[in-house]
Amino acid sequence: DSGVTQTPKHLITATGQRVTLRCSPRSGDLSVYWYQQSLDQGLQFLIQYYNGEERAKGNILERFSAQQFPDLHSELNLSSLELGDSALYFCASSKDSGRFNEQYFGPGTRLTVT
Amino acid sequence: AQSVTQPDIHITVSEGASLELRCNYSYGATPYLFWYVQSPGQGLQLLLKYFSGDTLVQGIKGFEAEFKRSQSSFNLRKPSVHWSDAAEYFCAVGVPTGNQFYFGTGTSLTVIP
Numbered sequence: 602d603s604g605v606t607q608t609p610k611h612l613i614t615a616t617g618q619r620v621t622l623r624c625s626p627r628s629g630d631l632s633v634y635w636y637q638q639s640l641d642q643g644l645q646f647l648i649q650y651y652n653g654e655e656r657a658k659g660n661i662l663e664r665f666s667a668q669q670f671p672d673l674h675s676e677l678n679l680s681s682l683e684l685g686d687s688a689l690y691f692c693a694s695s696k697d698s699g700r701f702n703e704q705y706f707g708p709g710t711r712l713t714v715t
Numbered sequence: 274a275q276s277v278t279q280p281d282i283h284i285t286v287s288e289g290a291s292l293e294l295r296c297n298y299s300y301g302a303t304p305y306l307f308w309y310v311q312s313p314g315q316g317l318q319l320l321l322k323y324f325s326g327d328t329l330v331q332g333i334k335g336f337e338a339e340f341k342r343s344q345s346s347f348n349l350r351k352p353s354v355h356w357s358d359a360a361e362y363f364c365a366v367g368v369p370t371g372n373q374f375y376f377g378t379g380t381s382l383t384v385i386p
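These protein sequence lines map, in sequence, to chains A and B.
All letters in the first sequence, in the order written, are residues 602 to 715 by this note's numbering.
All letters in the second sequence, in the order written, are residues 274 to 386 by this note's numbering.
Don't read these hints as lab results, they were simulated from the structure.
Note that this is a predicted model, so its numbers are computed, not measured.
All C-beta atoms, glycine included, are put in the ideal place defined by N, C-alpha and C.
You may find that some hints are simply not true.
Said to hold, decoys possible - Which chain B residues face chain A? A few, computed with CB under 8 Å, are given here:
(1) Gln318
(2) Leu319
(3) Gly335
(4) Phe336
(5) Trp356
(6) Phe376
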């Protein structure tokens with residue numbers, strides 16, 4: 602158990618809908634990262650937040666947004682969902698802002714868009 | 274553009290046999306290099322990382338990796354594989370310029386008794 606929690610575990614929704622994925626980092630970790638893992642794209646970095654501020658951006662679509670709250674949990678919002686958004690979404694956390702320090706991954710949220 | 278290549282999509286080894294998983298990267302300078310393991314239904318776990326210094330890096334669970342600058346490679350090795358090592362293995366590259374992080378496509382390892 603990495604100490605990172607993600608809810609929900611599974612999510613099934615229809616095209617055009619909007620969903621919110623939630624992540625709670627390990628106790629004491631200030632950085633949260635979001636990743637998307639799909640069969641065709643592999644594992645891709647989406648975005649990083651550090652202590653409430655956006656720190657780095659990867660291949661995140663404009664339909665997707667994230668935020669980190671004062672209690673350090675983070676939410677990833679996916680809107681106008683398309684079939685291609687079906688994937689496993691991982692959250693990871695680390696102590697500081699350095700992207701290359703060890704990141705601890707949560708178990709993921711599996712999103713299915715029908 | 275930077276890239277990470279894991280040429281083997283799937284590898285099968287017998288329990289007790291040695292293992293080598295290949296990883297090549299494309300980057301002008303020496304990047305930061307990582308190996309992660311993903312067990313079924315789990316998130317990723319860091320096995321080891323290389324930033325600088327000794328090119329042979331020891332990790333957790335008996336794994337090691339060797340950085341070879343001349344070959345732009347960072348292959349993962351284990352002398353004797355256990356059934357519990359069956360998982361997906363990802364090589365990743367951290368590029369300080371631009372603060373980017375790239376994963377390879379992964380190698381799925383099956384261990385047969």
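Hints, verified against the model:
no., hint, verdict
1, Gln318, "7 Å, holds"
2, Leu319, "5 Å, holds"
3, Gly335, "18 Å, violated"
4, Phe336, "15 Å, violated"
5, Trp356, "21 Å, violated"
6, Phe376, "4 Å, holds"
Violation of the numbered hints given earlier is confined to hints 3, 4, 5; the remaining hints are satisfied by the structure.
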